[in-house]
Amino acid sequence: MLTASPRNMAIALAAAAAFVIVAALVASGLGAASERVLSVFFISLIAVVGIGIYSGNSGVLSFGHLSFMAVGAYVSALLTLPAAMKAATLPKLPAWLAATELGLFPAILVAIVVTCAFALVVGLAVGRLDGSAATIATLGLLIITHGVIIGWRDVTRGSGTFFGVPRETSLWVAAGWCLAALVVARLYRDSVSGLRLRASRENAIAAGAVGVDMKRERLISWILSAAVMAVSGALIAHFLGAFSPKKFYFVDTFQLLAMLIVGGMTTVTGAVTGAVTITVVTEVLRRFESGFDIGAFTVPQVFGTTQIGIALIILFAMFRKAEGLAGLKEWEERVFARRGAKKTAAALPAVSDESALTAEHMTMRFGGLTAVNDVSVTLRPGEIVGLIGPNGSGKTTLLNMLSGVLEPTEGTSRLGETTLDGLPTHRIAELGIARTFQNIRLFPSLTVEQNVLVAGLSTGGGKDARARADAALARLGVAGHADKDAGTFSYGDQRRIEIARALACRPKLLFLDEPAAGMNREETDALMETLRGLTRELGIGILLVDHDLKLINSLCDRILVLNEGRLIASGAPAEIRRDPAVIEAYLGTSQTQDDPAEPGHQPTEENDP
Amino acid sequence: MKRLALTTALATLGMMSPALAETLKVGVATAQTGGLATYDAPVIEGVHIAVDEINEAGGIGGTMLIELLEKDVRSDAAQTAIAVQELVDEGVSVLVLPCDADPSLAAMGIVSGAMIPAISTCASSPTLPMVGGEYMFANFPGDNVQATVSAEWAWEQGMKTGYILYSPDTQYTTLPLYFAEVFDALGGEMLGQDTYSIGQQDFSAIVTRIASLDPQPDVIMTSAYEPDFPSFLNALRAAGVTSQVIGSDGIDSPTTFSLGAPAEGLVFTTAGYAAEGSPLAAFNAKYEEVTGAPSQTVFNAVGYDLVKVIEAATEAAGSTDPQAIRDALANLEGVQGATSVITYKGTDGMPVREVSMIRVKEGERELVGQPSPTAELIPAPRMQ
Numbered sequence: 026m027l028t029a030s031p032r033n034m035a036i037a038l039a040a041a042a043a044f045v046i047v048a049a050l051v052a053s054g055l056g057a058a059s060e061r062v063l064s065v066f067f068i069s070l071i072a073v074v075g076i077g078i079y080s081g082n083s084g085v086l087s088f089g090h091l092s093f094m095a096v097g098a099y100v101s102a103l104l105t106l107p108a109a110m111k112a113a114t115l116p117k118l119p120a121w122l123a124a125t126e127l128g129l130f131p132a133i134l135v136a137i138v139v140t141c142a143f144a145l146v147v148g149l150a151v152g153r154l155d156g157s158a159a160t161i162a163t164l165g166l167l168i169i170t171h172g173v174i175i176g177w178r179d180v181t182r183g184s185g186t187f188f189g190v191p192r193e194t195s196l197w198v199a200a201g202w203c204l205a206a207l208v209v210a211r212l213y214r215d216s217v218s219g220l221r222l223r224a225s226r227e228n229a230i231a232a233g234a235v236g237v238d239m240k241r242e243r244l245i246s247w248i249l250s251a252a253v254m255a256v257s258g259a260l261i262a263h264f265l266g267a268f269s270p271k272k273f274y275f276v277d278t279f280q281l282l283a284m285l286i287v288g289g290m291t292t293v294t295g296a297v298t299g300a301v302t303i304t305v306v307t308e309v310l311r312r313f314e315s316g317f318d319i320g321a322f323t324v325p326q327v328f329g330t331t332q333i334g335i336a337l338i339i340l341f342a343m344f345r346k347a348e349g350l351a352g353l354k355e356w357e358e359r360v361f362a363r364r365g366a367k368k369t370a371a372a373l374p375a376v377s378d379e380s381a382l383t384a385e386h387m388t389m390r391f392g393g394l395t396a397v398n399d400v401s402v403t404l405r406p407g408e409i410v411g412l413i414g415p416n417g418s419g420k421t422t423l424l425n426m427l428s429g430v431l432e433p434t435e436g437t438s439r440l441g442e443t444t445l446d447g448l449p450t451h452r453i454a455e456l457g458i459a460r461t462f463q464n465i466r467l468f469p470s471l472t473v474e475q476n477v478l479v480a481g482l483s484t485g486g487g488k489d490a491r492a493r494a495d496a497a498l499a500r501l502g503v504a505g506h507a508d509k510d511a512g513t514f515s516y517g518d519q520r521r522i523e524i525a526r527a528l529a530c531r532p533k534l535l536f537l538d539e540p541a542a543g544m545n546r547e548e549t550d551a552l553m554e555t556l557r558g559l560t561r562e563l564g565i566g567i568l569l570v571d572h573d574l575k576l577i578n579s580l581c582d583r584i585l586v587l588n589e590g591r592l593i594a595s596g597a598p599a600e601i602r603r604d605p606a607v608i609e610a611y612l613g614t615s616q617t618q619d620d621p622a623e624p625g626h627q628p629t630e631e632n633d634p
Numbered sequence: 002m003k004r005l006a007l008t009t010a011l012a013t014l015g016m017m018s019p020a021l022a023e024t025l026k027v028g029v030a031t032a033q034t035g036g037l038a039t040y041d042a043p044v045i046e047g048v049h050i051a052v053d054e055i056n057e058a059g060g061i062g063g064t065m066l067i068e069l070l071e072k073d074v075r076s077d078a079a080q081t082a083i084a085v086q087e088l089v090d091e092g093v094s095v096l097v098l099p100c101d102a103d104p105s106l107a108a109m110g111i112v113s114g115a116m117i118p119a120i121s122t123c124a125s126s127p128t129l130p131m132v133g134g135e136y137m138f139a140n141f142p143g144d145n146v147q148a149t150v151s152a153e154w155a156w157e158q159g160m161k162t163g164y165i166l167y168s169p170d171t172q173y174t175t176l177p178l179y180f181a182e183v184f185d186a187l188g189g190e191m192l193g194q195d196t197y198s199i200g201q202q203d204f205s206a207i208v209t210r211i212a213s214l215d216p217q218p219d220v221i222m223t224s225a226y227e228p229d230f231p232s233f234l235n236a237l238r239a240a241g242v243t244s245q246v247i248g249s250d251g252i253d254s255p256t257t258f259s260l261g262a263p264a265e266g267l268v269f270t271t272a273g274y275a276a277e278g279s280p281l282a283a284f285n286a287k288y289e290e291v292t293g294a295p296s297q298t299v300f301n302a303v304g305y306d307l308v309k310v311i312e313a314a315t316e317a318a319g320s321t322d323p324q325a326i327r328d329a330l331a332n333l334e335g336v337q338g339a340t341s342v343i344t345y346k347g348t349d350g351m352p353v354r355e356v357s358m359i360r361v362k363e364g365e366r367e368l369v370g371q372p373s374p375t376a377e378l379i380p381a382p383r384m385q
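Chain order of the listed sequences is A and B. Using the working numbering, the first residue of the first sequence is number 26, and each one after it goes up by one. Using the working numbering, the first residue of the second sequence is number 2, and each one after it goes up by one.
In case anyone wonders, no lab produced these hints; they're calculated from the structure. By construction, the Cβ of each residue, glycine as well, lies at the ideal position given by its N, Cα and C atoms. A few of these clues could be false.
Which residues of chain A face chain B? A partial, calculated answer using Cβ under 7 Å [what the hints assert, rightly or not]:
id: 1; residue: Ala57
id: 2; residue: Ala58
id: 3; residue: Val65
id: 4; residue: Thr114
id: 5; residue: Ser269
id: 6; residue: Gly329
id: 7; residue: Trp356
Calculated Cβ distances over 12 Å to all of chain B for the following chain A residues [as the list claims (entries may be wrong)]:
id: 8; residue: Gly56
id: 9; residue: Ser64
id: 10; residue: Ala108
id: 11; residue: Arg452
id: 12; residue: Lys488
Turn these sequences into a full structure, and let the hints guide you.
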C-alpha cells in the first residue's frame, strides 16, 4: 500500500523512466565511450539507491553495503562463468556448480536470493544495535566479508582476479535494472514500511509509541537494499568481466557514499542528484586533467584534478547543504501540491472495551537515585486523571514506565487482564495506550498528515488508517496543516499535532505529558474542551501531567500527587487542595492558607529523567 | 610545454614534408592516482623520458613521431574500461594499461574487440597475457621467469635438494611453486613445502619442521616479503638452519640489507642492477639529468623499456596499423631496454628478460649475475 498520492507517485516513476531512457538514448547516440560511462553511472546509481533504501530511510549510515554487492557479483559470476573456464580456473568447485552455466538474467535472480538470505542473517545481528554502534557493525561486515572472499579460494580465487566472466552488461541491460532499482526505492520510501521506518529515523521513541516496530522495518529495508546491491554487484561483474575483492572495499564504498551524501541520503531524488553531480564533475574535470591550451597558454597535465574537484563538492555540500543538494523532499513533493482539502473525516470509534490500566508498586531506580518509589495507580477508560507534583517528583518517569519506554526496576502493570511488563513500546501502543511527550517528539521532516498517518498504519492492523488520521487531525483542529512539515509549526500546534497522532492509534488510554506547555490561555481552554470531548464522546481515559493547575483542577476527575518519587495523595480535586501533605510538598511549609492549586504556578519546563 | 613543443614540432614537420607527418598514437590508460599509482606513476615517468628522447631524434626510424594520449584511470577497473574505450575511439595504435591484472583484464574485452595491442606497465603475473588473449602483453619479468632463473642458478651451484615456503594468498606469493617445478625438472629433489598466510609473522612451527629435516635442504626458496620474510629468516637462522635462502624481488628493499647476520649470503632475484657502464646506469644518469633528482625505483627504467619495445615493434611493422604492430611485437627479439634485453618471440606475451641476481654481502648489494633463463625450462603459468 502506498502512503503518497498515486498521482505524485505516477509522476515520479514516469520521470525516472524518462530520465533513464533519454540518458541511454543520448549516450548510445554519442558512441561506445559514452555508453560505457553511462553504464558505469547506471550501475553506480543502483548501488547508491540501494544504500539509500536502508541508510536514507533508517538514518543509520552503512559502510557495509558493498558486501552485498560483492556477494551479488561473485554469486552471479560463478553462475555465468563458462563451464570450461571453471574447470580451468576453479577446479575445486562442487560438481553441481562447476556444471552450471546460466544466462545473466537468471544469474542475477539467484544472486538476489542468495544475497537476501545472507542479509537476513547479518541483519538479525546488526539490527540489535543502534546509532553509531550499528554503523561500526556495518564496517565490520565489510571487513569480514572481504576477508571471507579472500580466504575462500576454491570458490573465489582469493584475492586474485576473478576473470572470464561474460561481459553481458550492455547499456540497455544496465538501464533496465537501474530503472527497476529506482522504482523499487521510490515505492519503498512511500510504502507503509518505508513511512514507518522514516518515522523511526525522525524519532525512534515516538515511533515506538505510535506502534512502529523499528527493528522489523529496519530488517525489511536492510534486506531490500541488499537485493538492490546484489543487482549492482552482478552488473558490474558482467560489465568488467574481471574483478577482485578490492573492487568491493573501502575505495568504492566511500565513492558511492559520497554520491549519496552529496545528493541527499533521504530521497531517491538525492541519490540521483548525487550520482549525476559527481559523475558529471568527474567527466568534465578528467577531460581537463590531461592538459589543454587556452590561447597561447598551455595548462599542463595535472592528474588528481578529478579527486580534488569531488572533494570540494563534498566540502561544499557539508558546509552549505548538510542534508544534501536535494534536501529532504523528493522533487515532485516540492513541485506538486499533495491532495487538496480533506474529506469530512469520519468520526473516531468510541472505546468499547472497559479494561482498566492497573499498575502496582512501580519503582524506578537510576543508580543510587530512586526516581519513582512504590507507586500504584489505576486508570479507567472515560476518566481524566491528573498527575501533578513538583519538578523532579517522577511524573514523566512514571509515564515512561507505564508506556514501556522505561522498564521498571520493580512493579507490575497490566491492561485489563493483559500484563504489560517487559513489552516493547510498539506492543503497548497496539494494546491501546497512546501518549505524547513532554519535550515534543514529532517526526519533524514528515508532513503533519504523515505524522498522524503512520500512527494509524502501525496500530489496529492499519485498518481505516487514513480515516482515523483525518478524524484525529480534524478533532484537534490541525487538518489545515496536513500538507506541511510537522517541524515548522509553533509549540502549541506541535502539541496538538502530537495529540492527534496519539489519537490516530485509536487508544483506550491516552497519556499526555504537559500538553498545554507553550500554549496561551485561549489555546489551553480550547484544548480542555477537546480533551473533555475525548472522554465524553469517545470514552478514552486520559492521564494528564501538567503544571497548569487550573487546567488540572477543572478537567480531572481524580488527581494523583507525586513528591520525591512517592505517591503522597490521591483523590478528587477538592480533597487534594486541602491535603496538608500536598501543601507542604508544594510550599515547603505546613501553613494551610495558601491554595497550592492556583494557576500560574511553576511555569518552568520540567525535565524529569 | 612539452606538448607545445611537440605540437610545434609536428606543425613544422607538417609544413616541411607532409610525407613524414605520420605519428604513432599511443594510448596510455594508467593509474596516476589511487593505490596503483605507486607503480604506474614511476613507469610513466620513464615512458616520457623515452618518448622525448625518440622524438628529439626525429621519431621512430627517424620519421615517425610518438604521440601520447594519457588518461588517469584512478586505479579503478571500470574507469580503465571507459578510458580504453575513449582511446580506442581516438584511433590509437598501441595501448598501455595499468600494473595490475584487474583493470587490465577489465579493458581487454575492448582491446581484443578493437584488435589493438596492449601492454601492462609492470604486472608480473604470467597468467595475465594468457587470460588477456593474443593482444595482451606484459613488460616485467614474469614470476615464472624469476623462479626459473633462481632454480637454474641453484642447480648450477651444485645444490641438489630444496624446500619451498609459499602463500596461496596472492598470485605473487605462489612464485616458489614455479621454483619447485623447475628445480625438479633440472633433477633436483624437493624435500618438502610449507604454506603461510600473509602477515602471519610467526614461523616457529615451520622452522622447527625444516630444522628437523635430515639431511638439511641445500636451498630454501620463498617469495615472502615484509613483514613475513624477516621474521622467517631470523627464526630460520636462530634454529641453526644454514641452507642457502633464495628470495624474489619483493625483498629488494632497505630492510633486507639491514637484517645483519641472518641475511648474510642471502640471494634474491630482481628486475635490474645498475652496474657501471650498463644501460640501466645510463638511464639513471639520463633520468637525473631530465628530472634533476636520482631515480628512486627500477620502475622508471621499466617505463623506458616499454617505449623501446613499442618503438622496435612499430619499426618492424613499418606502419601504425595496430594488427601489424601486434604481430611484430609478438615476434620481437633482443630489444635493448634500460634494464635488460627483451624478447617476446616464442612466448605467450610474457617477455623473456634478464633477471638480476643479487647477493647480500656485509649488508651491501653484490651482483651475482644477470642470466637469461633457458626458455624451455620456464614453467607454464598456473591458472590458480
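Hints, one by one, checked against the model:
no.: 1; hint: Ala57; result: holds, 5 Å
no.: 2; hint: Ala58; result: holds, 4 Å
no.: 3; hint: Val65; result: holds, 5 Å
no.: 4; hint: Thr114; result: holds, 5 Å
no.: 5; hint: Ser269; result: holds, 5 Å
no.: 6; hint: Gly329; result: holds, 5 Å
no.: 7; hint: Trp356; result: violated, 28 Å
no.: 8; hint: Gly56; result: violated, 6 Å
no.: 9; hint: Ser64; result: violated, 9 Å
no.: 10; hint: Ala108; result: holds, 15 Å
no.: 11; hint: Arg452; result: holds, 48 Å
no.: 12; hint: Lys488; result: holds, 49 Å
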